[in-house]
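*Asks:* Chains as they are written, first to last, in our numbering: chain A, 1 to 253; chain B, 254 to 567.
There may be inaccurate statements among the hints.
Taking CB as the label site, the calculated pair distances span [unchecked claim]:
#1 A:Gly25 with B:Asn394: 41 to 47 Å
#2 B:Gly266 with A:Ser211: 50 to 56 Å
#3 A:Ile196 with B:Ala286: 44 to 50 Å
#4 B:Leu264 with A:Glu215: 34 to 40 Å
#5 B:Val425 with A:Arg82: 54 to 60 Å
#6 A:Gly213 with B:Lys267: 43 to 49 Å
#7 A:Val235 with B:Ala301: 44 to 50 Å
#8 A:Ala210 with B:Ala301: 50 to 56 Å
#9 A:Tyr13 with B:Glu468: 30 to 36 Å
#10 A:Thr28 with B:Glu561: 28 to 34 Å
By construction, these hints were calculated from the structure, which means they are not laboratory data.
We treat Cβ as the ideally placed atom computed from N, Cα and C, and that holds for glycine.
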Amino acid sequence: MKILVGYKRVVDYNVRIQVKPDGTGVVTDGVKLSANPFDDIALEEALRLREKGVATEVVVVAIGPADLTAHLRNGLAMGANRAIHVVTDAAVQPLTAARVFQRLVEKEQPGLVITGKQAIDDDANQTGQMLATLWDRPQATFASKVDISVESGADGKATVTREVDAGLEVIEVELPAVITTDLRLNEPRFIKLPDIMKAKAKPIDTIEFASLGIEANDHLKTTHYAAPPKRSRGVMVKDATELVAALKQKGLL
Amino acid sequence: MSKILVIAEHLGGKLNPSTARAVSAAAAVKPEAIDVLVLADAVDAIAAEAAKIEGVSRVLTIVRAENAHPLAAVLAPQIAKAAAGYSHVFVPSTTFGKDVAPRVAALLGVAQVSDVMSVESAHTFKRPIYAGNAIVTVEANSAHTVVATIRTASWPAAASGANSAPVEALNVDVALPSHTRFIELQQGKSDRPDLQSASKVVSGGRGVGSKENFEIIYKFADKIGAAVGASRAAVDAGYVPNELQVGQTGKIIAPELYVAVGISGAIQHLTGIKDAGTIVAINKDGEAPIFEIADIGLVGDLFKILPELDSAIG
């Protein structure tokens, strides 16, 4: 079984995000970029499934400008067999990203697509679900545990534990399917230096976005960026008695 | 004029308060009608609750055995069918809404607006990106149905009681997939208030130290009638189950009172509480970032302070 992994590059999670003073965007020049942490978890899960013998090939996919190559090399160094780079300079919104994946799915025929539940830049939390819909296949979102059983000759199924507001939901989905990852699914491995060298020999297929024939006319238009309202530092109290008095004064106790 | 379809979230035959919050957001669009759609295997009790919410024009129900559990792949085709004639489909931005709404949007072939925190006009909304570190204004295409998830912490629950909207059964003729099956829901049983909608929340973090020590948090929460939450660190360490996690990837909440105990205040946690009315921080490290945003701070040992609070409250 082949697994496609959505592997988006985003502003590193440690970077303090700053909105440009003119409200046209956030500052990204000279800012550290990394793999979306949820996508790292997705890749790790795919690699573990390959190590268990469930999957035979892991393919990382990213959509973006020409300089994404270094990012994809990281995915290859982590252990993916090969990479697909869909090249575009335009910002890609979730429905368009899902349509791109749909084209790749038609071509690659994976048994599983695993991707992060959301990217930590736009926080949309949509692409995996939209792909599953366009593909007319099941989805198991917010996964914290994945068990795959593939019987010979059959397509197999995944039993997935999902982190939902009420607790842990367990569902069973027939393959092929889309799984989106939550934080507790696994801890991604670190990339080792020799693997970085080996990754240089692994193939990256590039596909021009325009060649996919996808219309991107359904977009949301972002008209303004603003910094969030700030909460300011309040008062310090010296003991429990003062705290209770302060809360009673506010009518909270 | 706008017509809005709000998808009801429910569990165990009870309407989730997130639904009334989504109705508030719908009312902000000033539509000519707000209809609530209930999909379940038994709808009566849920529909009756939804009919009482102020601002609701009609409650529509789809009763099918397949709707016994909220499986996105099963619900979405029915919602997409029911959405015909509506300008907007609103779903609470809970794990339920985040799962199902993009499926509805994809079936309709439209973009989705995630986590609406304010309505500027019928097609213009504000939403957070970068874990709430930036707020964007987005314009949806007015020629398309707007599918949006509503950030529940940004909206009060619409009042309930005075209204009695008519309840109508809806027949949607659509084939449902069988490729997705519900197995079980593992839930902590609790008599405490619901974390997502409670007016008071007491949360513990890594500073609490162990699962056993977390008893002190439960005890204090019970004393003041609060729900219990936790930081990601406390959940990862196994002190409490995942459904108690507050923060960017857990629950985003807006209680009147939030008490953070032994929580240092990682950005991911602060994202989940910044709409709280009053934030109280109790931490032994006076330099902890939680104090930067707390309205009232108290530096000290939580194992000493919580019992003292208990007796000071009386």
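*Asks:* Against this structure, judge whether each hint is valid.
*Replies:* Evaluation of the provided hints:
1. A:Gly25 with B:Asn394: 41 to 47 Å: violated (21 Å)
2. B:Gly266 with A:Ser211: 50 to 56 Å: holds (52 Å)
3. A:Ile196 with B:Ala286: 44 to 50 Å: Cβ of A:Ile196 to Cβ of B:Ala286: about 59 Å, so the range 44 to 50 Å is violated.
4. B:Leu264 with A:Glu215: 34 to 40 Å: holds (39 Å)
5. B:Val425 with A:Arg82: 54 to 60 Å: violated (43 Å)
6. A:Gly213 with B:Lys267: 43 to 49 Å: holds (47 Å)
7. A:Val235 with B:Ala301: 44 to 50 Å: holds (46 Å)
8. A:Ala210 with B:Ala301: 50 to 56 Å: Between A:Ala210 and B:Ala301, where Cβ atoms are some 54 Å apart, the hint holds.
9. A:Tyr13 with B:Glu468: 30 to 36 Å: holds (33 Å)
10. A:Thr28 with B:Glu561: 28 to 34 Å: violated (48 Å)
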